[in-house]
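Colleague: Going by the UniProt record's numbering, the residue at position 157 of the sequence shown is 157; the numbering climbs one at a time, nothing skipped.
It is worth saying that the hints were derived from the structure and are not from the lab. All residues carry an ideal CB built from backbone N, CA and C; glycine is no exception. Accuracy of the hints is not assured; some may be wrong.
Stated by the list, open to error - For each label pair, taking beta carbons as the anchor points, the in silico distance ranges come out as:
hint, residue 1, residue 2, range
1, Arg298, Asp234, 31 to 37 Å
2, Leu397, Glu159, 47 to 53 Å
3, Leu32, Thr132, 43 to 49 Å
What the hints assert, rightly or not - Pairs of lysine to any residue residues, derived as SDA-like cross-links and limited to a Cα-Cα distance of at most 25 Å, are as follows:
hint, residue 1, residue 2
4, Lys339, Ser128
5, Lys339, Pro352
6, Lys154, Leu354
7, Lys154, Trp276
8, Lys339, Arg278
9, Lys154, Glu281
10, Lys154, Arg278
11, Lys339, Glu159
12, Lys339, Asp21
13, Lys154, Asp125
14, Lys154, Asp180
15, Lys154, Ala186
16, Lys154, Thr347
17, Lys339, His249
18, Lys339, Trp276
19, Lys339, Gly441
20, Lys339, Ser143
21, Lys339, Glu268
22, Lys154, Ala346
23, Lys339, Pro155
24, Lys154, Arg218
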Amino acid sequence: MDGSDFLQLDPQCVARGARTDWLTARIREAVLGHVLVTGSRLPPTRVLAADLRFSRGTVVEAYRRLTEEGLIEGNARAGTIVVAPALHQPAASGHARHVEERSGSAGIDAPRSRDVIDLAAGLPDLASFPRTAWLRAENEALSTATTRQLGYGKPEGTEELRRELSGWLSRSRGVTAPPDRIIVTAGVTGAVSLLAQVLRANGHTTAAVEDPSAEGSRRILRYWMPHVSPVPVDDDGIDTRSLAESGAHAVLVTPAHQYPTGVVLSPERRRELVAWTRDGENLIIEDDYDAEYRYDRRPVRAVQPLAPDAVAYTASLSKTLAPALRLGWLVPPAHLHRKLVELRWATDLGSPALPQLTLALLLANGTLERHLRVMRTRHRVRRDAAVTAIRASMPALHIGGVAAGLHIVVRLPEQFDDEHVAAEARAEGVIVQPLSRHYAGSGAPGLIINYAGHHPARLQTAISAIARVIAGRTTG
């Protein structure tokens, strides 16, 4: 579409200070009025600015606002396109049938569709992956790599990445992580798997996990350990008294932002957890889940600095950039390091070197930290939109986990079956995770709503659909 005829825009009577608001409103009206339908391409900012005799910055700002509203999105190949008119139409039974027919099931685990809004937890805003910065760093890493770096590397990871991680973890998380202690892994999953195998080889057969917790964490531990004990979580984090009674020799915890409840391990519980290790006889596996995303609270330091000889600290890029990179790190106690490195060598010789060298450059030049600052601001806007929508449409329900992370927990009345609620929401075109699924046994009903990957308008649409489902069950 040529910018000269775009929407027959006539800016002659628009005051200079009102141009951004005017342009944003005209395009919004065209999208919501279906003058611009899904897939319609907007003119490049430079073309539209020249046609309207506006500064390019005015057009860029208008496009940015519309992107935040979920009406348009930038695509490297297609340019800027309309994505959201259908999201502003009320959900109808015909739409629900269409979703079910395309997916083959109304269940919440059905294949994803363009008609479905996926609020399932576990992913950051993948559309915001810094492709240009990553490619630039990757090209630099490849062009400057020595012949030695292109050969078989160390199973614990490249020296360049371990050196940069050491400084970053110390600055951002207070972690005691000398470069020669760090092991680069295939995400947190790879780190936990390595630890579980070494623990079992050392004769330990029982591990503990928070209850509720991530399903994946429980599965990994159960795969390698004969016995996995669920330990309840309350508003102060994991119940350390129950942990002491579990008979476990290792425990997997998410103290900075417990998954899925979002609670923070209290100072008293931290001291009790460290005391439970008995100077390294027992092991804390600290998954630093979502620690980089905080909005309404002070930073929470890692547990590892309190007992570096009893804590195996692990984190990854899965929520920072993208899980597809399969890059994580493990900072184990010194007495476990050699066995873990040997196991990594015997398993797969270590992680690919090129992504490690690329990440090292992004850490060294500050790109990753700048990206995180941008994403915190973006996620805060989306978090605020989700909270506002939930409080407006479901004011009687308690919400938790809002101060940090990428998701919100909505608690449902005790008589509700959250699996049924999630299934009905799926029929309305919204995928949401039931909270009870994350308990080892029966658990409190609720919904886990991931807001990270969705614009405010899209979140409003999804939460309105969920509210209709809940209202129907309340009055039915």
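Colleague: Hints first: check each against the structure and report whether it holds.
Modeller: Structure-based check of all given hints:
Distance hint check for Arg298 and Asp234: the Cβ-Cβ separation is about 21 Å, which falls outside the suggested range of 31 to 37 Å. Taking 47 to 53 Å as the suggested C-beta distance range, the pair Leu397 and Glu159 conforms, at roughly 51 Å. For the pair Leu32 and Thr132, the beta carbons lie near 31 Å from each other, so the given range of 43 to 49 Å is not met. With a C-alpha separation of about 38 Å, the suggested pairing of Lys339 with Ser128 is violated against the 25 Å cut-off.
Simply put, Lys339 and Pro352 have alpha-carbon atoms about 20 Å apart, close enough for the 25 Å limit, and the pair holds. Our distance criterion of 25 Å between C-alpha atoms is met by Lys154 and Leu354, whose separation comes to about 13 Å. Note on Lys154 and Trp276: the hinted pairing is violated, with a Cα-Cα distance of about 34 Å set against a maximum of 25 Å. Proposed proximity of Lys339 and Arg278 is supported: the alpha carbons are some 21 Å apart, at most 25 Å.
Between Lys154 and Glu281 the alpha-carbon distance is near 29 Å, which puts this suggested pair outside the 25 Å criterion. Taking the CA atoms of Lys154 and Arg278, the gap is near 33 Å; set against the 25 Å cutoff, the hint is violated. Distance restraint check for Lys339 and Glu159: the Cα-Cα separation of roughly 19 Å lies within the 25 Å cut-off, and the hinted pair is therefore satisfied. About 61 Å separates the Cα atoms of Lys339 and Asp21, which puts this hinted pair outside 25 Å; it is violated.
Between the alpha carbons of Lys154 and Asp125 the distance comes to roughly 32 Å, so the proposed pair goes past 25 Å and is violated. For the proposed pair Lys154 and Asp180, the alpha carbon gap of about 11 Å is at most 25 Å, so the pair holds. Restraint check for Lys154 and Ala186: satisfied, since their Cα atoms lie roughly 14 Å apart, inside the 25 Å limit. Under the criterion of a C-alpha separation no larger than 25 Å, the hint pairing Lys154 with Thr347 is consistent with the structure, at around 13 Å.
Note on Lys339 and His249: the hinted pairing holds, with a Cα-Cα distance of about 18 Å set against a maximum of 25 Å. Simply put, Lys339 and Trp276 have alpha-carbon atoms about 23 Å apart, close enough for the 25 Å limit, and the pair holds. For a cut-off of 25 Å, the pair hint linking Lys339 to Gly441 is broken: about 34 Å separates their Cα positions. Taken as a hint, the Lys339 and Ser143 pair is broken in the structure, with Cα atoms around 34 Å apart against an allowance of 25 Å.
Taking the CA atoms of Lys339 and Glu268, the gap is about 32 Å. The hint is violated against a cut of 25 Å. Note on Lys154 and Ala346: the hinted pairing holds, with a Cα-Cα distance of about 12 Å set against a maximum of 25 Å. The straight-line distance between the Cα atoms of Lys339 and Pro155 is roughly 12 Å, inside the 25 Å bound, and the hint therefore holds. Taken as a hint, the Lys154 and Arg218 pair is broken in the structure, with Cα atoms around 30 Å apart against an allowance of 25 Å.
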